[in-house]
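Colleague: Protein chains in written order, with the working numbering: chain A, 1 to 335; chain B, 1 to 222.
If you're looking for bench data, these hints aren't it; they were derived computationally from the structure. Any given hint could turn out to be false.
[What the hints assert, rightly or not] To give an idea of the chain B side of the interface with chain A (calculated C-beta under 8 Å), a few residues:
| id | residue |
| --- | --- |
| 1 | GLU52 |
| 2 | ARG78 |
| 3 | THR111 |
| 4 | ALA115 |
[Stated by the list, open to error] Here are some chain A residues the structure puts well away from chain B; computed CB gaps all over 12 Å:
| id | residue |
| --- | --- |
| 5 | GLN34 |
| 6 | THR132 |
| 7 | VAL241 |
| 8 | TYR250 |
| 9 | LEU288 |
[Claimed, not checked] Distance condition first, Cα-Cα at most 20 Å in a straight line; then the derived EDC-like pairs of lysine to aspartate or glutamate:
| id | chain 1 | residue 1 | chain 2 | residue 2 |
| --- | --- | --- | --- | --- |
| 10 | B | LYS46 | A | ASP248 |
| 11 | B | LYS181 | B | ASP169 |
| 12 | A | LYS205 | A | ASP287 |
| 13 | B | LYS181 | B | GLU142 |
| 14 | B | LYS155 | B | GLU113 |
| 15 | A | LYS228 | B | ASP93 |
| 16 | B | LYS46 | B | GLU163 |
| 17 | B | LYS155 | B | GLU171 |
| 18 | B | LYS133 | A | GLU68 |
| 19 | B | LYS155 | B | ASP169 |
| 20 | B | LYS46 | B | GLU16 |
| 21 | B | LYS46 | A | GLU236 |
| 22 | B | LYS46 | A | GLU305 |
| 23 | A | LYS205 | A | GLU68 |
| 24 | B | LYS181 | B | GLU29 |
No experiment lies behind these values; they were computed from the predicted model shown. Just so you know, even glycine gets a beta-carbon here, dropped at the ideal spot from N, CA and C.
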Amino acid sequence: MAKAKSNSRRQPHRQSGGALLRGYFAHHWATLRQSVSRLWADRLQSSLTAVVVAIAMTLPAALYLTVENIAALAPPLEQPARLSVYAEVAASGAQLAALRSQLAARPEVAAVDYISADQALAELAASASFATALDQLPSNPLPALYELTLNLSMLTAAEPAAGQPIVAQQLEALRAELAALPAVAEVELDSLWLQRLQAIIELAKQLLAGLALVLLLGVVVVIGNTVKMAIDHRREEIVVVKLVGGTDAYVRRPFIYAGALYGLVGAALALAALWLATAVLNAGVTDLARLYQSQFVLRGPTSVEALLLLATGIGVGVVAAYFAVADQLRAIAPN
Amino acid sequence: MIRFDTVSKRYVGGSEALSGVDFALAGGEMAFLTGHSGAGKSTLLKLLMVMERPSIGAVLVNGHNVGRLAARQIPYYRRQLGVVFQDHQLLTDRSVFDNVALPLQVSGERTSEVAKRVRAALAAVGLAGYESKRPLSLSGGEQQRVGIARAVVHKPRILLADEPTGNLDPELSAEIMALFKRFQESGVAVLVATHDVELIRQVNCRVLHLDHGRLLEGGIDG
Ligand SMILES: Nc1ncnc2c1ncn2[C@@H]1O[C@H](COP(=O)(O)OP(=O)(O)O)[C@@H](O)[C@H]1O
Ligand SMILES: [Mg+2]
Numbered sequence: 001m002a003k004a005k006s007n008s009r010r011q012p013h014r015q016s017g018g019a020l021l022r023g024y025f026a027h028h029w030a031t032l033r034q035s036v037s038r039l040w041a042d043r044l045q046s047s048l049t050a051v052v053v054a055i056a057m058t059l060p061a062a063l064y065l066t067v068e069n070i071a072a073l074a075p076p077l078e079q080p081a082r083l084s085v086y087a088e089v090a091a092s093g094a095q096l097a098a099l100r101s102q103l104a105a106r107p108e109v110a111a112v113d114y115i116s117a118d119q120a121l122a123e124l125a126a127s128a129s130f131a132t133a134l135d136q137l138p139s140n141p142l143p144a145l146y147e148l149t150l151n152l153s154m155l156t157a158a159e160p161a162a163g164q165p166i167v168a169q170q171l172e173a174l175r176a177e178l179a180a181l182p183a184v185a186e187v188e189l190d191s192l193w194l195q196r197l198q199a200i201i202e203l204a205k206q207l208l209a210g211l212a213l214v215l216l217l218g219v220v221v222v223i224g225n226t227v228k229m230a231i232d233h234r235r236e237e238i239v240v241v242k243l244v245g246g247t248d249a250y251v252r253r254p255f256i257y258a259g260a261l262y263g264l265v266g267a268a269l270a271l272a273a274l275w276l277a278t279a280v281l282n283a284g285v286t287d288l289a290r291l292y293q294s295q296f297v298l299r300g301p302t303s304v305e306a307l308l309l310l311a312t313g314i315g316v317g318v319v320a321a322y323f324a325v326a327d328q329l330r331a332i333a334p335n
Numbered sequence: 001m002i003r004f005d006t007v008s009k010r011y012v013g014g015s016e017a018l019s020g021v022d023f024a025l026a027g028g029e030m031a032f033l034t035g036h037s038g039a040g041k042s043t044l045l046k047l048l049m050v051m052e053r054p055s056i057g058a059v060l061v062n063g064h065n066v067g068r069l070a071a072r073q074i075p076y077y078r079r080q081l082g083v084v085f086q087d088h089q090l091l092t093d094r095s096v097f098d099n100v101a102l103p104l105q106v107s108g109e110r111t112s113e114v115a116k117r118v119r120a121a122l123a124a125v126g127l128a129g130y131e132s133k134r135p136l137s138l139s140g141g142e143q144q145r146v147g148i149a150r151a152v153v154h155k156p157r158i159l160l161a162d163e164p165t166g167n168l169d170p171e172l173s174a175e176i177m178a179l180f181k182r183f184q185e186s187g188v189a190v191l192v193a194t195h196d197v198e199l200i201r202q203v204n205c206r207v208l209h210l211d212h213g214r215l216l217e218g219g220i221d222g
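Go ahead and model the full structure; you've got the sequences and the hints to work with.
Modeller: As structure tokens, then:
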């Protein structure tokens, strides 16, 4: 202790690396505290900025969650798509057997469930209301049915047309192909609506990405402007700090912190709004879901998404502040 | 310590503020920089602070051509200087202590060391115990002395002052000059721009006389 003291007295200008590092962190901490108290001192402007930031961040986040919830409601595409192939009523047993092996041989077809015309009739007859009506018929009017479970990964690649998911096109192509087989009356694509929904969700996601980008730019402008106003108030201070040997990084630091805080508080408000909205909506949704005997619950932001939103807020705030200060620093650079 | 080698400065869209200025100032030497308003005194000091760069010639400090310093080197160079202004440029939103501490804080000095040096600098300008006061509650002379404490707190080898007594009465001006003299005696090179002829007469030291950007008197050959 005594030794260290005499050392520092002998070399007043020298600092150990550790001491410099401590000084550095102490400075960061002091700057952060100062930034917070400055934002607090200017509460009205600060909260205005934070609220605008929050709105700009809530919008795309809410839309994202909406799309996510709709996507969760729709069965996943990975679930095997199904095709129903109806044979012609007049088809002979040999024809039916040939069709069955033809279908089963296709690589896209994972499984074939055969429901004969007699089976179909028996099933129909099992429901009591139809029984007497069916007795009157001279012959079985029902076609034999092959229910195909498809292996989507084996679908042959077709030329992709713009704006449609490839899978939907391929399924449609397969449907047409099967419909042309002899002894086939009709082919129904059970999952077409699903394909369409997936396509809509895809499109919505792309629109969302664009919207999010525009709104984030808006956040940059809003935070940048607020930081610029703060800089205008402290122009004199910046000049003095630069004159006594402050680096650009030193000058920038408090404004970067301010920008980061605006972004963080804005994002936190956005998160709070999203969680609140999810909770309120869920009260209604669970009632509705119960009516449909569904377990469906709207989901709010996950913790990863929440962290991502906060990080985005901070990142955007930092970038905005950086550019706002760069302007000012350029103005007082020597020429 | 300081050498101007045929330095000219032409501002963008202006006439020549300095033309072919040649002079040298040794460590521990004090000089006045005089001349009419617009003679180029502030410009000369700004070249030394690298707030401006020379159009022609070299400004050498300890043998380094500071006019050619890269932007990111300028802060480290400026930490070797102490600067005092007529309008003292104190930050009114913080205490005397925080104002004086600024040059130490920007270089990341330890907190305990900062407190020690700030007290020493304030004592040196006769303002011991003024740490927690606000600049606006002080008289003009006191404010200027706070400005000087800020300029010397980091023990610079070069002290530059631009019209440091411009707003002060003769008695206070003499006090300030006595302060500069003391720093000179401790080995600091001091360059004071002023048009206060009376003051120059009182203090016996070298005079560099500028007229329309030309050094008429006190330079290397003059
Ligand atoms: N930033 C500037 N841009 C253009 N001209 C300037 C600028 N600063 C000073 N000048 C001009 O340079 C000349 C010298 O100015 P200055 O160095 O301020 O003189 P002094 O300090 O001796 O009064 C003056 O003619 C002034 O108008
Ligand atoms: Mg001047």
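Colleague: A closest beta-carbon separation below 8 Å is what the hint needs, so does ALA115/B meet it against chain A?
Modeller: 13 Å, violated
Colleague: Is LYS181/B within 20 Å of ASP169/B, Cα to Cα?
Modeller: With a Cα-Cα distance of about 18 Å, the restraint between LYS181/B and ASP169/B holds, given a limit of 20 Å.
Colleague: Against chain A, with CB atoms and a cut of 8 Å, does the hint on ARG78/B hold up?
Modeller: 4 Å, holds
Colleague: With a cut-off of 20 Å on the C-alpha distance, tell me whether LYS181/B and GLU142/B pass.
Modeller: 18 Å, holds
Colleague: Is it true that the CA of LYS155/B sits at most 20 Å from the CA of ASP169/B?
Modeller: Judged against 20 Å, a Cα distance of about 28 Å means the pair is violated.
Colleague: Has the given pair, LYS155/B with GLU171/B, been kept, meaning a C-alpha gap of at most 20 Å?
Modeller: The given pair, whose Cα atoms are some 26 Å apart, is violated under the 20 Å limit.
Colleague: Taking only the CA atoms, is the gap from LYS46/B to GLU305/A under or equal to 20 Å?
Modeller: Outside the cut-off at roughly 52 Å; violated.
Colleague: When the nearest CB of chain A is found for THR111/B, is that gap smaller than 8 Å?
Modeller: Hint holds; THR111/B Cβ to chain A Cβ min 6 Å, cut 8 Å.
Colleague: Was the hint right that GLU52/B lines chain A, CB cutoff 8 Å?
Modeller: Given a least distance of 5 Å, the restraint on GLU52/B holds.
Colleague: Please work out if LYS205/A and GLU68/A have their alpha carbons no farther apart than 20 Å.
Modeller: Judged against 20 Å, a Cα distance of about 9 Å means the pair holds.
Colleague: Does the no-contact call for LEU288/A survive, Cβ to all of chain B over 12 Å?
Modeller: Fine: 57 Å to the nearest Cβ keeps LEU288/A off the interface.
Colleague: Minimum Cβ separation between THR132/A and chain B greater than 12 Å?
Modeller: At about 96 Å from chain B, THR132/A clears the 12 Å cut-off, so the statement holds.
Taken one by one, the earlier hints fail for this structure at numbers 4, 5, 7, 8, 12, 17, 18, 19 and 22, listed in ascending order.
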